[in-house]
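Asks: In case you want the letters, here they are:
4 protein chains.
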Amino acid sequence: MSTQPTATFTAPAAADPGADGADAPERDVRFRSDVAVELVKSSAADADVLFAARVSTAGEKSLDEVGTDAERSAGLINYLMRDRHGSPFEHNQFTFYVSAPIFVFREFMRHRTFSYNEESGRYRRLEPVFYLPGPERKLVQEGKPGRYVFVDGSAEQHALVETATRRVCTEAYHAYLEMLEAGVAREVARGVLPVSIYSSMYATCNARALMHFLSLRTKREDSTFPSFPQREIEMVAERMEEHFARTMPLTHAAWNRNGRVAP
Amino acid sequence: MSTQPTATFTAPAAADPGADGADAPERDVRFRSDVAVELVKSSAADADVLFAARVSTAGEKSLDEVGTDAERSAGLINYLMRDRHGSPFEHNQFTFYVSAPIFVFREFMRHRTFSYNEESGRYRRLEPVFYLPGPERKLVQEGKPGRYVFVDGSAEQHALVETATRRVCTEAYHAYLEMLEAGVAREVARGVLPVSIYSSMYATCNARALMHFLSLRTKREDSTFPSFPQREIEMVAERMEEHFARTMPLTHAAWNRNGRVAP
Amino acid sequence: MSTQPTATFTAPAAADPGADGADAPERDVRFRSDVAVELVKSSAADADVLFAARVSTAGEKSLDEVGTDAERSAGLINYLMRDRHGSPFEHNQFTFYVSAPIFVFREFMRHRTFSYNEESGRYRRLEPVFYLPGPERKLVQEGKPGRYVFVDGSAEQHALVETATRRVCTEAYHAYLEMLEAGVAREVARGVLPVSIYSSMYATCNARALMHFLSLRTKREDSTFPSFPQREIEMVAERMEEHFARTMPLTHAAWNRNGRVAP
Amino acid sequence: MSTQPTATFTAPAAADPGADGADAPERDVRFRSDVAVELVKSSAADADVLFAARVSTAGEKSLDEVGTDAERSAGLINYLMRDRHGSPFEHNQFTFYVSAPIFVFREFMRHRTFSYNEESGRYRRLEPVFYLPGPERKLVQEGKPGRYVFVDGSAEQHALVETATRRVCTEAYHAYLEMLEAGVAREVARGVLPVSIYSSMYATCNARALMHFLSLRTKREDSTFPSFPQREIEMVAERMEEHFARTMPLTHAAWNRNGRVAP
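So the protein lines, in turn, are chains A, B, C and D. So the first sequence is residues 13 to 275, counted in the numbering used here. So the second sequence is residues 13 to 275, counted in the numbering used here. So the third sequence is residues 13 to 275, counted in the numbering used here. So the fourth sequence is residues 13 to 275, counted in the numbering used here.
The set of hints was computed from the structure by calculation and includes no laboratory data. Be aware that one or more of the hints could be misleading.
Quick look at which bits of chain D chain C covers, simulated, 3 or more residues with Cβ under 8 angstroms [claimed, not checked]:
| hint | stretch |
| --- | --- |
| 1 | 97-103 |
| 2 | 122-130 |
| 3 | 134-146 |
Every residue, glycine too, gets a C-beta built ideally from N, C-alpha and C.
Please construct the entire structure, taking both the sequences and the accompanying hints into account.
Replies: What follows is the structure, given as structure tokens:
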């Protein structure tokens with residue numbers, strides 16, 4: 013608002029070299045084949061499902077469930093999962109830090125029930141870290157759309173992917189730096205950067221949204237509904253699922269037992 | 013799913029007398045003029061805003077903000093609020109237990125960014141507790157729609173409201189019990205219950221959604237945008253705001269300073 | 013905003029007798045056993061699913077699908093439904109007008125993907141129309157919570173429900189009028205009105221949200237996941253489903269064929 | 013589901029050369045400096061705001077507003093906008109086709125109230141079309157984060173951006189084709205493609221969500237709250253705003269008059 017007194021706001025850039033360009037940029041382009049997922053904070057336990065579910069039949073007495081041992085109520089959690097009573101799984105929260113290539117974030121952010129904050133290519137010089145498929149990454153797609161199967165690539169194919177990725181990403185990053193050094197704005201210069209460049213973000217969700225995400229972003233034989241995620245987002249999802257299983261073990265088990273269908 | 017093995021689920025009703033009707037129902041109708049709000053659990057601090065905001069300029073280094081003292085960054089929080097950068101205020105969570113009349117819940121549940129679980133009139137015999145406006149409740153509405161002003165009621169008006177409320181609610185509740193005792197289903201019998209009957213629920217949200225709720229459900233002279241909430245939901249909102257102010261004091265102060273506009 | 017020039021806004025109440033209380037209120041309480049659902053407007057066709065789905069493989073050429081005959085693409089719609097590709101079912105819209113008892117609206121508005129506007133008990137004198145279960149309404153609930161079965165009521169039970177409903181609703185409405193006539197604000201006086209009073213609203217959604225709603229609010233043997241809706245909201249849902257089936261017949265058929273699971 | 017009969021689904025790829033790789037790919041890389049926005053379909057008129065708003069005071073009589081001339085009710089629309097009554101602006105729908113660089117889509121898809129379907133780099137060979145900033149694009153960023161100002165670039169800077177963009181994008185696309193021709197899966201090969209490559213999508217929203225989007229993605233002196241969008245998404249937003257202004261002129265005017273704050 014124009015009549016608002018200006019806040020005495022010290023630019024957050026002060027402590028972030030990448031943001032003001034004053035420091036010498038790193039020129040060495042690095043390649044990774046993994047992703048990073050940390051559970052930054054959470055407020056989630058199986059007992060959170062119970063007080064929420066029990067309020068329907070117990071009213072105020074459901075408050076007694078807060079913080080209790082959920083073990084004896086595994087049956088109730090399984091029942092809620094099986095019959096898809098979803099809302100009791102929403103009173104909890106997970107905040108993940110994720111570092112992965114931009115093409116993974118593009119798929120991730122289609123999930124509209126999460127909250128996101130991501131590193132900005134407008135406010136910060138992006139770092140020279142790119143994704144290179146590892147040797148175990150299946151490179152060849154067979155079959156029809158919607159039912160693709162991936163098989164191993166040959167040594168030649170792996171070599172080609174590695175050579176091409178290293179060459180293009182390195183040239184692109186150097187062109188990016190050249191533009192920055194000539195005074196071109198970061199948001200313009202970044203146009204040349206490949207989608208395999210890494211970014212970082214915080215993603216926050218509740219268990220219901222998380223189960224929905226996992227059901228779509230992991231490929232499992234025991235799923236009621238099949239999903240065919242790209243391997244790289246599945247790598248992120250698998251790490252998220254480990255945190256989920258550790259934090260809400262009864263809920264995770266019930267979801268698995270019921271075909272990995274989000275309630 | 014029909015092929016799913018049936019879970020060995022013991023009905024949650026077992027521990028809830030109201031749910032199976034086996035216990036003797038309470039016949040004495042009670043009246044209250046207040047609401048109850050408890051902060052059941054939360055995972056929220058001003059520092060949660062900071063790591064989320066700083067990832068845009070600091071990337072991975074923003075992880076250093078997790079759990080820090082936010083005091084020195086009040087300027088950043090104020091800047092985010094003023095310019096309405098809303099997403100950093102989403103990585104936190106508040107779960108409230110609320111006990112209030114049904115007509116309050118009707119307004120409350122229009123807020124679609126919250127998660128809800130409420131006592132069920134289908135699965136449980138509702139308790140004989142009704143809302144009666146207290147002596148300080150302004151009873152008379154003056155002015156035009158959208159710009160109503162409320163003024164005190166006369167002694168006669170208060171007496172009339174009290175007499176009518178006590179009479180109708182008592183008769184309604186006794187008719188409800190009569191139907192239940194004759195074997196009529198709770199979901200049918202409850203049709204006669206007035207909207208002033210109390211219910212209870214869990215409502216979960218993040219700070220951004222909470223500020224939006226509070227901006228619409230409290231009436232304050234210093235708001236940039238005027239709101240005209242019904243007094244009873246405002247009573248709930250005021251209690252929620254106390255919890256918010258205590259949990260995220262810098263965020264609450266910045267929101268107040270910037271006209272109570274949700275970012 | 014305080015600096016905003018005041019709009020020359022003529023109160024909407026002018027044309028609405030109920031809103032200003034100037035007209036003589038109706039004292040005769042009426043009872044209904046049905047609900048009303050109208051499809052006020054829609055922008056929805058099976059072809060809308062096709063352009064949205066085809067953009068993934070055809071890019072700009074998918075524009076050719078807009079407005080085409082979808083018949084030859086029933087297989088694609090079925091495939092999307094079966095494998096739960098949900099987003100192509102979102103590019104369409106239905107706006108319903110619904111008139112039903114408040115206890116139905118309470119359940120309806122838990123669906124957070126719809127848009128709502130409802131008649132206001134704060135801005136308008138509510139009309140004396142209440143719900144009375146019809147002779148075909150099963151009155152007796154048997155079995156365990158979560159797996160209730162409803163069976164017919166006896167003649168005595170029906171007589172009791174009718175007598176009690178008529179008596180309580182009539183007394184309540186007259187108490188409401190008495191308070192209004194004594195100058196008590198509508199929002200206070202309405203506290204005595206039973207949840208069986210009718211209200212009206214507009215509810216807007218897309219086909220994906222609609223299928224989710226219908227899967228939870230209709231009880232069908234052929235559903236993959238069982239639902240046990242209260243009969244009165246199911247009456248609303250059945251009317252909505254008729255409109256859906258007529259507007260997007262291939263989508264409706266594919267949803268039915270795949271266990272009525274929302275994609 | 014495993015017990016589901018397999019649909020006789022002919023792969024959608026059949027009609028889409030890019031999807032099966034059978035056709036000869038285009039090798040000539042093209043550059044554009046514009047974006048494309050089409051209003052594919054809409055169900056939106058100022059009158060839609062009126063019936064939704066009037067139901068609160070007029071109940072069923074609000075149905076008379078459906079399809080009427082809204083002109084005489086401009087005051088009501090302005091009042092709703094000014095006091096931020098948002099829900100009446102949700103009963104309408106716009107579906108846009110957008111063709112723009114991926115870095116624009118990345119910002120666009122942060123808006124979680126829209127529905128999206130986008131061209132897929134997994135299911136289709138992406139076309140060789142890239143974004144090159146036009147001569148009028150300001151290239152140099154000055155000032156502090158959160159308050160940047162953009163100024164014209166020099167001829168040298170423009171030349172550098174053009175040379176670097178053309179070189180990197182061309183090499184990247186040829187490396188992409190080389191990998192595809194060697195049998196590498198599209199989803200792997202695309203890793204080298206720069207974020208300036210064009211994609212296409214359908215984006216569907218209602219007027220309330222659209223106003224929120226426009227308030228954040230256009231930079232205007234007369235906005236109550238300042239926004240600093242990247243120019244390229246602003247180009248998309250400006251085209252969307254033209255369609256909005258033409259389809260709901262009274263709503264657009266009221267929004268402009270009230271500081272471009274989404275209600």
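Asks: Is the coverage entry for the stretch 97-103 of chain D by chain C consistent with the three-residue Cβ rule at 8 angstroms?
Replies: holds (count 4)
Asks: Mind taking a look at whether chain C covers the stretch 134-146 of chain D? Criterion is 3 or more residues with CB to CB distance under 8 angstroms.
Replies: Answer holds; 3 residues pass the 8 angstroms Cβ test.
Asks: Just to make sure I understand the rule, a stretch counts as covered if three or more of its residues have a C-beta closer than 8 angstroms to a C-beta of the chain. Does the stretch 122-130 of chain D meet that for chain C?
Replies: That given contact holds, which follows from 4 residues of the stretch 122-130 of chain D lying within Cβ reach (below 8 angstroms) of chain C.
Every hint, counting from the list given before, is met by this structure.
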